[in-house]
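2 protein chains.
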Amino acid sequence: MNAPHSPVGAPLIAPRPMPEAMLDALRTRFGAQCSNARAVREQHGRDESPFDAPPPDAVVFCESNEDVMDAVKIAASHRVPVIPFGVGSSLEGHLLAVQGGLSLDLGRMNRILRLNPEDLTVTVQAGITRTQLNNEIRHSGLFFPIDPGADATLGGMCATRASGTNAVRYGTMRENVLGLGVVNAQGEWLRTGTRARKSSAGYDLTRLFVGSEGTLGVMTEITLKLYPLPEAVSAAVCQFPSVDAAVQTTIALIQMGVPIARCELLDANAVRAVNRHDKLTLAEVPMLLMEFHGSPAGVAEQARTVQELAADHGGLDFEWASTPEERTRLWTARHHAYFAALQTRPGCRAVTTDTCVPISRLAECITATVEEADAAGLPYFIVGHVGDGNFHVGYLIDPQLPAERALAEDLNQKLVARALAMEGTCSGEHGVGLHKMGFLVDEAGPAAVGLMRQIKHALDPDNIMNPGKIFSW
Amino acid sequence: MNAPHSPVGAPLIAPRPMPEAMLDALRTRFGAQCSNARAVREQHGRDESPFDAPPPDAVVFCESNEDVMDAVKIAASHRVPVIPFGVGSSLEGHLLAVQGGLSLDLGRMNRILRLNPEDLTVTVQAGITRTQLNNEIRHSGLFFPIDPGADATLGGMCATRASGTNAVRYGTMRENVLGLGVVNAQGEWLRTGTRARKSSAGYDLTRLFVGSEGTLGVMTEITLKLYPLPEAVSAAVCQFPSVDAAVQTTIALIQMGVPIARCELLDANAVRAVNRHDKLTLAEVPMLLMEFHGSPAGVAEQARTVQELAADHGGLDFEWASTPEERTRLWTARHHAYFAALQTRPGCRAVTTDTCVPISRLAECITATVEEADAAGLPYFIVGHVGDGNFHVGYLIDPQLPAERALAEDLNQKLVARALAMEGTCSGEHGVGLHKMGFLVDEAGPAAVGLMRQIKHALDPDNIMNPGKIFSW
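So the sequence lines, in the order shown, correspond to chains A and B. Residues 1 to 473, numbered by the UniProt record's numbering, are exactly what the first sequence covers, in order. Residues 1 to 473, numbered by the UniProt record's numbering, are exactly what the second sequence covers, in order.
Read the hints as simulated data drawn from the structure, not as lab findings. It is possible that some hints are incorrect.
The calculated SDA-like cross-link candidates involving lysine to any residue, where the alpha carbons are at most 20 Å apart (straight line), are [claimed, not checked]: (1) A:K225 to B:R169; (2) B:K225 to A:Q255; (3) B:K225 to A:G257; (4) B:K225 to A:R169; (5) A:K225 to B:E175; (6) B:K73 to B:N135; (7) A:K225 to B:K73; (8) B:K225 to A:G171; (9) B:K414 to B:P50; (10) A:K225 to B:A447; (11) A:K73 to A:E188; (12) A:K225 to B:G171; (13) A:K225 to B:Q255; (14) A:K225 to B:E301; (15) B:K225 to B:E325; (16) A:K225 to B:G257; (17) B:K225 to A:S360; (18) B:K225 to A:A252; (19) B:K225 to A:E188; (20) B:K73 to A:S360; (21) A:K73 to B:G171.
Could you build the full structure based on these sequences and the hints that come with them?
The following block contains the structure:
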């Protein structure tokens, strides 16, 4: 029998079963918070990626920093892998136990520890989701803008350096995390950053952990920047004769410095899927879904500018979502796009691309990608945070048909190569995980990946923190 | 004879003289680009900090990445320290050759390598200064907003994670560097980041080098975000009856989310100094110097809001600087504040503080600091990027009087302790250098500093990159 292979073709390290002594130690320390029931392990052994791997050997439901510290110490003493788990919405296989080990479920650590509305900051436990956070702070008149498609946990969003639809105006997790509480690979808790808005005090450990995908430690507490709910909000959809026309409009408005909050592209396939899923009646052509934040006068001014730009590029009339309910309905539909598209082909899984390119190259990049996708004949949809130069193609594959998976992977490889040639990145917001390890080497080069590896070796010499992700050991 | 002591009290490692063989190798490779003339060494052995140290043993004037790579390789083969040098405007002793070694002057590497106005990015060599950059790109209608007091090089600004007066709206070097070209401690050149606006591809090496103060490698190329010159700009000064009133106004406008571009405090001492230095006639009372960027309507709206807030806190009428010339005159005066203050006490040097606190604590922090400074009787001035919660006290000491230095250091220690108790940072923008090594341990804790040290040991195992800065080996 051949050795099993990882999704990217490298042989898996055959998972060593968790030693009985470790399971005993976990049971003694955690009692009912620890489970190795098959259903629990399987639930923690998959994510939204199209990959399969054996589930972890056990799961601990952490309720405190001390729980995380003790679980990591027990795992470290047995040199067994530790994989932090939020809600399982990763798209790149971050949560798969490719080398076996212990899944740490942080979902019960979902409290707001401290809201400081006067400083526009909040400190939360890592297991809180973005929706829960915004619901619980709404009374303060503040909000946290970063919104990946799934209702992910803030810990997961830190781990993948997530962004979403608001990043054009508010930045990504990179810009919006002030500090962290982290359990390192030795099971010690440490703090990075302060509540000050800026700092020049030493290496930027916060930014090192943000985007480290669980490979350097477990983030347990997060201090975030918040923003005042805008005085005025206005959302609109605008239909375009082509994807190119929609993207050209976006390029023009970014180049002019219009402080638009959200600027999302949906291709006709994505519009069709959300119409069906959310019972909308949008015209099934390429569409920009936009939102403007500011003072009433500022919002009106932005909207006027963008309407003129859209008209210059053949955009049809704006349809305004004037009530909060209409706005919520539109954005909820946008956030459902991924799941809506999955439902257009029952039983399918999505191979999702995540390239991001300099804005001037975006139209060219998307156009070539659409041509390739149409020629290939696989069902697909496109949604894009086009104001950032970031877009996703979801290729809907039948997981039973290896040829479809291979075709989707081939299309993704071509797209990544194109994006890198345009000085872009293989991942705008989903992370590297299992899927993009090869792409990362293409993008960053062996020297930079070697430097990442040196950091990993220094901080986690036994390679227990989510091993086998981002780069090979 | 006792061992010489560093400014923070730790014994200096007695500098080992540069081996003759290394000097020979440098001369062979660099010819006239290498100098060990006393005057050249001394010029590269000091900065704007109030500290003294022996100068480096030699200086290489680098003109290319290859020059930097070869100089580092020669130094690495002899295990001799390497200290990158821009214009020498560090305030924290970053440039002092406390362990001897080679100064790498990057001032000749001052070219714009590529301007991409359509993507709002520019790639520069590290030796370009912020003024030169903005002069050379003005024709594009774009600008780079980060503006520390000195006309620093972009390399130096990266090294200290600098900010300045525009950070309230545009962020700091942390938010505005897309990628870097770096020569590591082994003399290899590598690239971090891409020209994409965001990325989730692997560890954030860019952010690791930004703020690393030359201790991990030499930054030689920098890709920056640019911004469209605002359609409308409007600047105003507003006098206040007290520092507290000015700061309370600032707190209110930040909490409201007013997108003010600049919001600078000058105390009466600072106003007096710039009046004399720049021949201005500002009323010598606490003052906010503000600037608004945006559309004409947006600027008018912001200005109206801020005028109302100022009036609520006892602010006197706004004086508007309506022409570009008047604006430039005011901001030039602000940028001269440090040097203007030095001239109020001939022969003095400044011990400069750099704390940054959450905005809600700013008034309390400054008020207590003013009381202590007044009670101590040392001449001082205060300037502050108060929109960020960051302010500087400059204590003007006679360098011949150890008691004055000790008093200033004592005041600084009290201020830092206060800022840390308020969940702030010891350094908002100047960096740690020699001066704040003890403060960094107080702020970050031994575990986080230990993690920084692990990274340093992994990337620079022979400790040749600007050794003795940020933390002890």
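Inset, instruction - Quick one: which hint numbers does this structure break? Sort them smallest to largest. - result: 6, 7, 10, 14, 15, 19, 20 and 21
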